[in-house]
Amino acid sequence: MAQTTLQPPPEASSARVLPSRAGRPRRRRNWFVYGLIAPAVTFMVLVHLIPTAGGVVLSFKRLNTFTFARLFDAPWAGLENYRGILFDTANPLHSGFFGAVQNTAVYTFWVVLGTLAGGLAIALLLNRPMRGQRLVRTLMLAPWIVPSFVVAVLWQFMWQSDVGIINKVLVDYTHILSDRPIWLLGGNSMWAIVIPSVWRGLPFAMIFFLAGLQAMPPELHEAAAIDGAGPLRRFRYITLPLLRPLIAVQLLFGVIYATYQFAIPYIMLGSNPGPDADLMMTLIVRQSFSNNLFGFGAAASVLLTLAMCVWVAFWYRAFKRDLEVT
Amino acid sequence: MPKRLAIVTSAIALMLAPAAIVACGDDSGDSAAKPKSNGQAAQGETLEKGVTLTLWTMPNSPQPKEDLQKMVAPFTAKTGVNADVQEVGWDVQFDRIRNAAVAGEGPDITQAGTTQVPFFAALGGFTDLSDRVEEIGGKGAYAEGIWNTTQVQGQDGTWAIPWFTEARSLYYRKDVLEKAGVDPATAFKDLDSFKATLQAIKDKVPDIKPFGAPGKKAYDLVHQVMPFVWDHGGAELNADATKSTINAPEAQQGVEFMADLITDGLFDKSQLERDGTQVENQFKGGRLAVWIGGPWVLGSVDRPEDDTWSDEARENVGVAPMPTGPSGKAYTFVGGSDLMVFKSSKHPAEAWALVKFLSEDQTQVDYAKLLGMFPARLDPQQQVGDSSENHKAFFEAIQTGRTYASIPQWGQIENAYKTRFGNILDSAAGVGSDYNAATVKSQLDAAAKEADGLLAQSAG
Chain A
1 MAQTTLQPPP
11 EASSARVLPS
21 RAGRPRRRRN
31 WFVYGLIAPA
41 VTFMVLVHLI
51 PTAGGVVLSF
61 KRLNTFTFAR
71 LFDAPWAGLE
81 NYRGILFDTA
91 NPLHSGFFGA
101 VQNTAVYTFW
111 VVLGTLAGGL
121 AIALLLNRPM
131 RGQRLVRTLM
141 LAPWIVPSFV
151 VAVLWQFMWQ
161 SDVGIINKVL
171 VDYTHILSDR
181 PIWLLGGNSM
191 WAIVIPSVWR
201 GLPFAMIFFL
211 AGLQAMPPEL
221 HEAAAIDGAG
231 PLRRFRYITL
241 PLLRPLIAVQ
251 LLFGVIYATY
261 QFAIPYIMLG
271 SNPGPDADLM
281 MTLIVRQSFS
291 NNLFGFGAAA
301 SVLLTLAMCV
311 WVAFWYRAFK
321 RDLEVT
Chain B
1 MPKRLAIVTS
11 AIALMLAPAA
21 IVACGDDSGD
31 SAAKPKSNGQ
41 AAQGETLEKG
51 VTLTLWTMPN
61 SPQPKEDLQK
71 MVAPFTAKTG
81 VNADVQEVGW
91 DVQFDRIRNA
101 AVAGEGPDIT
111 QAGTTQVPFF
121 AALGGFTDLS
131 DRVEEIGGKG
141 AYAEGIWNTT
151 QVQGQDGTWA
161 IPWFTEARSL
171 YYRKDVLEKA
181 GVDPATAFKD
191 LDSFKATLQA
201 IKDKVPDIKP
211 FGAPGKKAYD
221 LVHQVMPFVW
231 DHGGAELNAD
241 ATKSTINAPE
251 AQQGVEFMAD
261 LITDGLFDKS
271 QLERDGTQVE
281 NQFKGGRLAV
291 WIGGPWVLGS
301 VDRPEDDTWS
311 DEARENVGVA
321 PMPTGPSGKA
331 YTFVGGSDLM
341 VFKSSKHPAE
351 AWALVKFLSE
361 DQTQVDYAKL
371 LGMFPARLDP
381 QQQVGDSSEN
391 HKAFFEAIQT
401 GRTYASIPQW
411 GQIENAYKTR
421 FGNILDSAAG
431 VGSDYNAATV
441 KSQLDAAAKE
451 ADGLLAQSAG
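So the protein lines, in turn, are chains A and B.
Under the UniProt record's numbering, the residue at position 142 of the first sequence is numbered 142, and the numbers go up by one with no gaps.
Under the UniProt record's numbering, the residue at position 51 of the second sequence is numbered 51, and the numbers go up by one with no gaps.
Simulated from the structure, these hints should not be mistaken for lab results.
Each hint should be verified, as a subset may be incorrect.
Cβ-Cβ distance ranges computed for the label pairs, FRET-style [claimed, not checked]:
#1 B:Asn99 to A:Arg29: 15 to 25 Å
#2 B:Ser433 to A:Leu177: 17 to 27 Å
#3 A:Val57 to B:Asp452: 46 to 56 Å
#4 B:Asp207 to A:Val150: 43 to 53 Å
#5 B:Gln86 to A:Gly78: 19 to 29 Å
#6 A:Ile165 to B:Asp207: 13 to 23 Å
#7 B:Glu178 to A:Phe289: 40 to 50 Å
#8 A:Ala38 to B:Gly285: 53 to 63 Å
#9 B:Gln199 to A:Phe157: 24 to 34 Å
#10 A:Val310 to B:Gln86: 10 to 20 Å
As a list, the in silico SDA-like pairs of lysine to any residue whose alpha-carbon atoms are at most 20 Å apart [said to hold, decoys possible]:
#11 B:Lys243 to A:Leu49
#12 B:Lys441 to A:Ala90
#13 B:Lys449 to A:Ser288
#14 B:Lys202 to B:Asp264
#15 A:Lys168 to B:Lys243
#16 B:Lys449 to A:Ile85
#17 B:Lys449 to A:His94
#18 A:Lys168 to B:Lys449
#19 B:Lys449 to A:Ser290
#20 B:Lys174 to B:Gly299
For the chain A half of the interface with chain B, some residues (derived, Cβ under 7 Å), not all of them [stated by the list, open to error]:
#21 Ala69
#22 Ser148
#23 Thr259
#24 Gly270
#25 Asn272
Fair warning: this is a prediction, and the values are worked out from it, not measured in the lab.
Backbone N, C-alpha and C define an ideal beta-carbon position, used for all residues, glycine too.
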C-alpha cells in the first residue's frame, strides 16, 4: 500500500515524460519544415520584399533625368511626389493620374463583370448533356492558351477601321452600321481593350465554374424541381449560393489581374493610349521608363498597391464566411 | 541554444547576402558614373592587338549584326583589334544604354539616336570626345544641324560622333500625280500647292487615299508635325531652351495645318490608328499617294525581297523636298544615329580608332548605301546625293534640315508633345474632343505646361 502510494500518479508521470519525448521530435519537425520553406521565403524576400521596399524608398526621392544615375542617393523629396499626384492641380501629372485611375476602374469593372458573367453563362450551357460537349469545351479553352501579346496583336488588326474584320462584318457584310467606326482611337479604344481582355479571360472562368457545377450534388436540383422550383429559382437559390466561394476567388484575382493589366493596352494602343484608355500601368511605365520620372512612377505604384490592399481587405470582409465554408 | 542561434543567423545572412550584393552593385555603379580619368591617349598611339571591342548597334539594315560585322572586318584586318557587334532592338535600346551608362558595365561603343545623345551625356557615363574630333575633320566636316546633335546646349563637350543621317521628305506616286494632272515639279512647292495637289488627287483619283501619317502610336509623330510648325515660324522651345513655345500662335498654325488636312478629307484618318512602320507599308502597298518618310524607304525600292511594295508603287516612287512655308523656308526634321564611347571602356584608344574607321568617307558611303540612309559627313553625303534625282531631294533636305534643342530633357518633352499632337489629330478625326481652335490651344497649353515642368527639373 505504502509502495503503491509512493508511486507517482500515472497522469503526472505521463505528463512529465510526454514533453521530453514528443517535444524534441516536434522541434526537429519544425526545423525540417523551416528548412523546406526557406528557399521559397528567401526567394520571396529577394524578388519581392526587397524590390518592393526599394520602390517605396524611391517614391520619396526626387528621381529624374538628372538624378537617375544616383538612384538611392537621389535627393530626398519627402511627400512631394505624392502631393504632386494627389493634390497639386497645377501639376500636369495630377490630371493624368486621376484620368488613369478612372479608366482603370472602368476597364476593371467591365473586364471582371464580362469574364465572370460570360464564364458562368458558358459553364451553365456546357454543363448540360449534349453531343460534341468535349469538343466544344476544348474549343472554348483556346483563347486561354493564346499569349496576351498574340491576343493584342490579333485584335489590333481586327479592330482596324479600314481593313479590320470587325468593321467588315459590321459595315460591309451585315450593314448593322453605315459608317466605319474608328475603334483604336478616342472613346471606342476602351472597348477595344476590354473586349479582347474578356475574350482571353473567359475560358479560365468557364472551366472554374464548370468544375464547381459538376461537383454540385444533383439531388439538390432534383428535390427542388420536385417541389416545383423552376430553372431560374433553382439557379438563384441553389446554384448561385453554392458557387459563391468560386465567385469570390475569381473576383479577387480578376480585379487584381485587370488592374495590373499592361500587355494588351500597351501592344494595341502604344505607350500612350490617350486620355480615353490610359490605364494605371501604362501611365506608370510611361512616366517611369520613357520620361525618367521614377519618383513619380514609384509613388503612383505605391498608391496602386495600397488601393489593392484596400480591395483585398474589403474582399476578405465580404467573403470571409465563404472562405471558412470552403 | 547557441547552435539554434547559429542556424538562425546563417539563415538571415543567407537572405541578406544578395541584398548586400545589390548594394555593392549600386556602389560600383555609382562610382562608375562619376568622372574618372578618361584614359584618352594622344594621336598616333599604338593599338593593342587582339583586344575585342563590343559595339551595340540597332536594327539598321536587313541583317544588322552580320552587315555591320562585315563592314568592320577591314578595321580588324588593319589593326588587329576585333569588334564584337551586338544587336539591341529599338524597343529596348533606350533602357539598355541608360542602364549600362549608370552601372558602368556595358559595351565600348554604342549607337544612339541623335535626339537621345544629350540625355545619355547627362548620365555621366560617356567619354567627352572634344580633344579627338579634329582627327576626323571636326565640326566643319558635318552639316550644322547634324553636328549639333553631338552637343549638350549650354555646356562644353562633344559626346558623340555623327554616324549616319536621315531627313524627312515627301514620297509621292508619279503615276497618281499624272492621273491627277499635277506637275511633280511644282506639286509640293509650298503649303498651298501641297494642299492643292492632295485635293486634285482626291477629286481625280478616287481609288487611292491622297495622304496619310501615323498617330500617337508612332515614335516619330513629332518629326511629322514639327516641320509644319517651323514652316509657320514656330519652334518647340525658346532660343535658350528654358521655356516651351509650342503654344505660341505660330506653332498652333502649324499644328492646325496638319489637322485641317484631316477635316478637309485629304488625310486618311484611319492611318492614325497605325504606327510609323504600318503607315510606311500602306504607302509601299499602294494605298497612299503621298506620305512623309525617310531615305531608308528609297533604299528598299531595289530590294526584291521586300514584298511590302506593290508593283505600281515600286515603279512610280517619287521624292520631293518638304514644301516651303509662310516663313519662306522649307523645313524638315533631320535625324539619324550617332556613336558614343562609354567611359567604362577598358580600351578607349581602340574604341576611338573604330569610331574613326566608321567615320572614313568610304566606310560611310558603303554603310549608308546598305542602310538606305545618308552618310553623316558632308563629302560622302554629296556623293550619295548625286546618285539619283530622288537621292538629291534627300540631300537637299539634309542641308536645310532642323533638329530639336539638344538638352537632356528633350526626349521627355517630345513625349509630352507627342501625346498632345496625337489628341489634336484624334479630335480632327472626330474621335476626341470637338475639333476647333480652342481645343487645339488647350492641348498645346497643356503640352507647354508639361514641358515647362520638365525643363524645371534639376539635379538638386
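Taking the hints in turn, this is what the structure says about them:
Our hint of 15 to 25 Å for Asn99 of chain B and Arg29 of chain A is violated, since their Cβ atoms are close to 46 Å apart. Hint check: Ser433 of chain B to Leu177 of chain A, Cβ distance near 23 Å, so the stated range 17 to 27 Å holds. Restraint check, Val57 of chain A to Asp452 of chain B: a C-beta distance of roughly 28 Å breaks the suggested window 46 to 56 Å. A C-beta distance of roughly 33 Å is found between Asp207 of chain B and Val150 of chain A, which places it outside the suggested range of 43 to 53 Å.
Remark: the range hint 19 to 29 Å for Gln86 of chain B to Gly78 of chain A is contradicted by a beta-carbon distance near 42 Å. Look at Ile165 of chain A against Asp207 of chain B: about 22 Å separates their beta carbons, and that is inside 13 to 23 Å. Taken as a hint, the range 40 to 50 Å holds for the pair Glu178 of chain B and Phe289 of chain A, whose Cβ atoms sit roughly 48 Å apart. A beta carbon spacing of about 59 Å between Ala38 of chain A and Gly285 of chain B agrees with the range 53 to 63 Å that was offered as a hint.
Our hint of 24 to 34 Å for Gln199 of chain B and Phe157 of chain A holds, since their Cβ atoms are close to 31 Å apart. A hinted range of 10 to 20 Å for the beta carbons of Val310 of chain A and Gln86 of chain B is inconsistent with their spacing of about 45 Å. Between Lys243 of chain B and Leu49 of chain A the CA atoms are separated by roughly 41 Å; this puts the pair beyond 20 Å, and the hint is violated. Restraint check for Lys441 of chain B and Ala90 of chain A: satisfied, since their Cα atoms lie roughly 17 Å apart, inside the 20 Å limit.
Of the supplied pair hints, the one linking Lys449 of chain B and Ser288 of chain A holds, its CA atoms being roughly 19 Å apart against a limit of 20 Å. Restraint check: the Cα-Cα separation between Lys202 of chain B and Asp264 of chain B comes to about 10 Å, which is no more than 20 Å; the hinted pair holds. Between Lys168 of chain A and Lys243 of chain B the alpha-carbon distance is near 47 Å, which puts this suggested pair outside the 20 Å criterion. For the hint pairing Lys449 of chain B with Ile85 of chain A, the CA-to-CA distance comes to about 15 Å; that is within 20 Å, so the pair holds.
Of the supplied pair hints, the one linking Lys449 of chain B and His94 of chain A holds, its CA atoms being roughly 12 Å apart against a limit of 20 Å. With a C-alpha separation of about 42 Å, the suggested pairing of Lys168 of chain A with Lys449 of chain B is violated against the 20 Å cut-off. Distance hint between Lys449 of chain B and Ser290 of chain A is fulfilled; the C-alpha atoms sit about 18 Å from each other, no more than 20 Å. With a C-alpha separation of about 18 Å, the suggested pair Lys174 of chain B and Gly299 of chain B falls inside the 20 Å cut-off, and the hint holds.
Interface hint at Ala69 of chain A: satisfied, since its Cβ lies 4 Å from the closest Cβ of chain B, which is below the 7 Å cut-off. The restraint placing Ser148 of chain A at the interface with chain B is violated, with a minimum CB-CB distance near 16 Å, outside the 7 Å limit. With its C-beta approaching chain B no nearer than about 23 Å, Thr259 of chain A sits outside the 7 Å limit, and its interface hint is violated. With 7 Å as the threshold, the beta carbon of Gly270 of chain A comes within range of chain B, its nearest partner Cβ sitting at about 4 Å, so the hint holds.
A least Cβ separation of about 5 Å between Asn272 of chain A and chain B falls short of the 7 Å threshold, and the interface hint therefore holds.
Of the numbered hints stated above, those contradicted by the structure are hints 1, 3, 4, 5, 10, 11, 15, 18, 22, 23, listed in ascending order.
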